[in-house]
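Enquirer: Single-letter residue listing:
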Amino acid sequence: MINKNLIDLEALSVDQINKLIRKAKRIMKSPSDYRHACDGKILATLFYEPSTRTQMSFQTAMLKLGGRTIGFDNPMNSSVAKGESLKDTISIVSGYADIIAMRHPVEGTAMAASLYSEVPLINCGDGGHLHPTQTLTDIITLSCEKGRLDHLKIGVCGDLLNGRTVHSLIKTLAKYEGNSFVLISTKELSIPLYIIDILEKNGCPYEISHSLSDAIVDLDMLYMTRIQRERFKSEEDYEAQKYVFVLDREKLDKAREDMIILHPLPRVNEITVDIDDDPRALYFKQAQYGMFGRMALILLLLQDEDFVIESRDFEISPHRCSNPKCVTQSEAYLPNLSYRKLGMQMCDFCDKRID
Amino acid sequence: MINKNLIDLEALSVDQINKLIRKAKRIMKSPSDYRHACDGKILATLFYEPSTRTQMSFQTAMLKLGGRTIGFDNPMNSSVAKGESLKDTISIVSGYADIIAMRHPVEGTAMAASLYSEVPLINCGDGGHLHPTQTLTDIITLSCEKGRLDHLKIGVCGDLLNGRTVHSLIKTLAKYEGNSFVLISTKELSIPLYIIDILEKNGCPYEISHSLSDAIVDLDMLYMTRIQRERFKSEEDYEAQKYVFVLDREKLDKAREDMIILHPLPRVNEITVDIDDDPRALYFKQAQYGMFGRMALILLLLQDEDFVIESRDFEISPHRCSNPKCVTQSEAYLPNLSYRKLGMQMCDFCDKRID
Amino acid sequence: MINKNLIDLEALSVDQINKLIRKAKRIMKSPSDYRHACDGKILATLFYEPSTRTQMSFQTAMLKLGGRTIGFDNPMNSSVAKGESLKDTISIVSGYADIIAMRHPVEGTAMAASLYSEVPLINCGDGGHLHPTQTLTDIITLSCEKGRLDHLKIGVCGDLLNGRTVHSLIKTLAKYEGNSFVLISTKELSIPLYIIDILEKNGCPYEISHSLSDAIVDLDMLYMTRIQRERFKSEEDYEAQKYVFVLDREKLDKAREDMIILHPLPRVNEITVDIDDDPRALYFKQAQYGMFGRMALILLLLQDEDFVIESRDFEISPHRCSNPKCVTQSEAYLPNLSYRKLGMQMCDFCDKRID
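Protein chains in written order, with this note's numbering: chain U, 1189 to 1543; chain E, 1189 to 1543; chain B, 1189 to 1543.
The reader is advised that the hints may include incorrect statements.
Identical copies go unnamed one by one, so any copy, or any two together, can satisfy a pair.
Unchecked claim - The calculated DSSO-like cross-link candidates involving lysine-lysine, where the alpha carbons are at most 30 Å apart (straight line), are:
hint: 1; residue 1: Lys1473; residue 2: Lys1229
hint: 2; residue 1: Lys1275; residue 2: Lys1430
hint: 3; residue 1: Lys1430; residue 2: Lys1341
hint: 4; residue 1: Lys1192; residue 2: Lys1275
hint: 5; residue 1: Lys1513; residue 2: Lys1421
hint: 6; residue 1: Lys1275; residue 2: Lys1363
hint: 7; residue 1: Lys1389; residue 2: Lys1430
hint: 8; residue 1: Lys1207; residue 2: Lys1229
hint: 9; residue 1: Lys1229; residue 2: Lys1213
hint: 10; residue 1: Lys1217; residue 2: Lys1192
hint: 11; residue 1: Lys1275; residue 2: Lys1442
hint: 12; residue 1: Lys1217; residue 2: Lys1229
hint: 13; residue 1: Lys1217; residue 2: Lys1275
hint: 14; residue 1: Lys1275; residue 2: Lys1213
hint: 15; residue 1: Lys1229; residue 2: Lys1363
hint: 16; residue 1: Lys1473; residue 2: Lys1389
hint: 17; residue 1: Lys1229; residue 2: Lys1389
hint: 18; residue 1: Lys1275; residue 2: Lys1473
hint: 19; residue 1: Lys1363; residue 2: Lys1207
hint: 20; residue 1: Lys1213; residue 2: Lys1540
hint: 21; residue 1: Lys1275; residue 2: Lys1334
hint: 22; residue 1: Lys1473; residue 2: Lys1192
hint: 23; residue 1: Lys1192; residue 2: Lys1359
Simulated from the structure, these hints should not be mistaken for lab results.
This one's a predicted model, so the numbers in the text were calculated from it and none came from an experiment.
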């Protein structure tokens, strides 16, 4: 079967990402040309955990293309509460809808669902694992606002250890030429080694910084994320460092005039409200770019025969994935799909190593 | 007032059922002819208890006809939580919508609501009482897949005592010529006597079986339903019989090649997952047939002046219905509507005998 | 910035109210002329507390204009549950939608939201504070059914102390010539003095009554509201008076044949069900008028450049509003906006005095 499911942005080639961005820009330029592009088509938004912003973004995208939407936003209101399997739900919904956008608290669920869907399926977040349309949002914003995705100096700030959006953004931008990175966090929340490996393999210069104030001065883009209080080593650590990674007027004054600030949202207090009106603060505009990106994605998945997503080679592992957060734990009928990476057996659903 | 409410499938004549099936088939054949059939019309889906599948099926049906939908899926979010009566809610909603699809946990609620609705109202399930569009789904599937609704050998398996979908299906198919039935269940969960009476009155041959394995061999259609663990007489009974009524590969291998398997869904474990890909397993396709059936129903109720549903003769009983699950218990303003059947006084809402 | 937000009906001039009513009447007369008036436009209904009736009314209004809707009806399903500020939510949603309809349990929230919205915003209720489209509904009903908004004798009955819909209705009708009022309630639940002031300033005759039975005889319109049991001084008071303010057949028989009965709904038991079919009982039809009023409002806000709403002069108060129910308590970034009234400093969000 032709793969039209967007589970992981990594599955897209640079050409495909560029095509998505070009399509999004064309839609922004003359949205009325696309007002009937999806007439008669239905998007199902299956949100097994609430995410108002992402769900409204997808709904708006489909409505602006002339399509319509069905779906739910509350696991307690769904048939799941009656014990229906993911497979059965997807089998039925893919008989109603032309395309599915799905969010689920369990890792690997979107991948699992795509096995049983007759229609394209988009991962809108599967636990702490992947959220490809967030990264799509980020790079469309970058491309539109900076005019390019290469030769940029990118700062990422906050919880770099646990932030899936940061990892995905770095992996994507590392594929473009001449980008360099400044990784700004506490020591305890440093970027994982496998991301450093990717940077080195792609020949991307990077610096590690423990001070947003110092690092901000010559960035093209600053990507802010939140550090949760409980991530600090101790209460003293938190008190000592809590303002170090907060973007405020004082720090922003050190930045270049053409730097842009992005944030995956929701913001809590890591960006002070008083800089929201600064022209460099693009995190709200970013949400609008995201909507156009989702319009482009829906169009390419539904209507562009050449936009086929590469499928990973897989095999059946003799062992079940042991990650307690993996969808294979709750959906017993799933096969032990796995793939090889650096000589290791990896779970095809959650991308964790199978021992 | 002309009755355009579908509360009970029994109220339809065989001609009307056949008309519905023909309409559904025409829609399936060229759905694009119907893409604007309900332009400007609004369907309200009032789901006082969640049923994602049924609600999405109705929403999709209306959207594919060019109409739009409003409604709710959560009793706690509705005005009911503020103590509004059913009458008031329906009076208001029927001022907004052109047609209403309603589900409610209390028996007789759809019938009660139809008394106050200015627009056609469809019963999408009223407690354990009636669910006419499920049976509509079943017979459209049967008609499309077997080419006829008569001269069929029908097996029904599972909890035949409590399964409202099974009773409704048998009552409907008994009206067609030459059908015979195999009733497969434990002794404790045998079909109620009044269904046997209907079979005998209609001259339908029937067999009683306690073994799915034996009964499956010469069926045209097998209708599977779930037996809940707590329905067995004892834990030993459950352990001894739990696999007897599960459809698996081994039992299916004994069936004819042209037998079809239906299930009202959700399925729990009464059909093993490994037969889902068997061409005879039609329970997911059945959900799609259901959507087309609902499209046909909406069209006939909204646009076919000849499609009038027969109203039962009723009288006002001096006694209130005493069924604790009946809507007359909670909605005090409802009159004691009743009808006569076999010399008994029956509640017009829940169809239980009024003493 | 041009003000296109309807937060308080008081901000509209009599000319603007009359324009709204004329537009609503034109839509009622030929709704099909407006079927594509908002093609391609999106209404976001942000309901931070459930109100099925109001939300469905707005959704229906937008759908009947050819537009589409996004939104939520459950605070627990929204990003708010993740600690997102009102400002951030509105900043994002106003990037998706063309117009916003918002309900919130906290006073002043709609006003606060309008500061950050790029698109017109309609207050659908902010706690016990304001609910302008309810009053719009009331006066459209009155205008359509009585043919005028002036020279009417208006009875208002129930909890006149706490009923925001009653206060708003009186303030609006006091602007029209020749209206007189009968204020029917227990002594404890009498109308607040500031409403009496408004009546006197506008030269409107008024009477105070403690008997619905006496007061009903020569009214043009009776506006019923509910008295909650806990509002009575004591249990004896409740028992003694509970039927005094209930509209039933006996009291209605004393009223004029051309009197009309309105109610903001939901009704509990302050109007007995047996008069629902009386031609004077217009509370269900009123809901339909409300929908047409909302269609008119959406159209004027989106498409009529002359329909600009007057902004109040404001200043920044040195003190924070101390009303514990005010939005300034929970949204820390809000400025201390205030205005002067009768020499006092009033909070621009909740309209309470700032000490």
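Enquirer: Now, for every hint given, state plainly whether the structure supports it.
Expert: Right, here's what the structure says about each hint:
Taking the shortest alpha-carbon separations for lysine 1473 and lysine 1229, both the intra-copy value of 27 Å and the inter-copy value of 19 Å come in at or below 30 Å. Taking CA atoms no more than 30 Å apart as the test, lysine 1275 paired with lysine 1430 passes between copies only; the shortest distance there is 23 Å, against 45 Å inside one copy. Within a single copy, lysine 1430 and lysine 1341 get their C-alpha atoms as close as 25 Å, which meets the 30 Å cut-off; across copies the closest is 64 Å, which misses it. Taking the shortest Cα distances, lysine 1192 and lysine 1275 sit within 30 Å of each other inside one copy (18 Å), while across copies they are farther apart (37 Å).
Taking the closest pair of Cα atoms, lysine 1513 and lysine 1421 come within 30 Å of each other only inside a single copy of the chain (24 Å); across copies the shortest separation is 38 Å, beyond that limit. With identical chains, the CA atoms of lysine 1275 and lysine 1363 are never at most 30 Å apart, being 35 Å at best within one copy and 36 Å at best between copies. Proximity of lysine 1389 and lysine 1430 under a CA criterion of 30 Å is satisfied in neither setting, with 33 Å inside one chain copy and 57 Å between copies. For the homomeric pair lysine 1207 and lysine 1229, the shortest alpha-carbon distances inside one copy (22 Å) and between copies (27 Å) are both at most 30 Å.
Taking the shortest alpha-carbon separations for lysine 1229 and lysine 1213, both the intra-copy value of 22 Å and the inter-copy value of 20 Å come in at or below 30 Å. In this assembly of identical chains, the alpha carbons of lysine 1217 and lysine 1192 lie at most 30 Å apart whether taken from the same copy (26 Å) or from different copies (26 Å). In the homo-oligomer, the alpha carbons of lysine 1275 and lysine 1442 lie at most 30 Å apart only across protomers (26 Å), although the nearest pairing inside one protomer, at 53 Å, exceeds that limit. Within a single copy, lysine 1217 and lysine 1229 get their C-alpha atoms as close as 23 Å, and across copies as close as 17 Å, so both meet the 30 Å cut-off.
Taking the closest pair of Cα atoms, lysine 1217 and lysine 1275 come within 30 Å of each other only across two copies (28 Å); inside a single copy the shortest separation is 40 Å, beyond that limit. Within a single copy, lysine 1275 and lysine 1213 get their C-alpha atoms only as close as 36 Å, which misses the 30 Å cut-off; across copies the closest is 27 Å, which meets it. Taking the shortest alpha-carbon separations for lysine 1229 and lysine 1363, neither the intra-copy value of 34 Å nor the inter-copy value of 38 Å comes in at or below 30 Å. When the C-alpha separation of lysine 1473 and lysine 1389 is checked against a cutoff of 30 Å, the pair qualifies neither within a copy, at 33 Å, nor between copies, at 48 Å.
Proximity of lysine 1229 to lysine 1389 under the C-alpha cut-off of 30 Å is found in neither arrangement, the shortest distances being 43 Å within a copy and 48 Å between copies. For the identical chains of this complex, lysine 1275 and lysine 1473 are inter-copy neighbours only, at 14 Å across copies versus 37 Å inside a copy, given an alpha-carbon limit of 30 Å. In this homomeric assembly, lysine 1363 and lysine 1207 come within 30 Å of each other (Cα to Cα) only inside a single copy, at 15 Å, whereas the closest approach across copies is 59 Å. In this homomeric assembly, lysine 1213 and lysine 1540 never come within 30 Å of each other (Cα to Cα): the closest approach is 36 Å inside a single copy and 48 Å across copies.
For a Cα distance limit of 30 Å, the shortest separation of lysine 1275 from lysine 1334 across copies, 26 Å, qualifies, whereas the shortest one inside one copy, 43 Å, does not. Taking CA atoms no more than 30 Å apart as the test, lysine 1473 paired with lysine 1192 passes in both settings, with 28 Å inside one copy and 22 Å between copies. Only within a single protomer do lysine 1192 and lysine 1359 lie at most 30 Å apart by alpha-carbon distance; the minimum there is 21 Å, versus 44 Å between protomers.
Violation of the numbered hints given earlier is confined to hints 6, 7, 15, 16, 17, 20; the remaining hints are satisfied by the structure.
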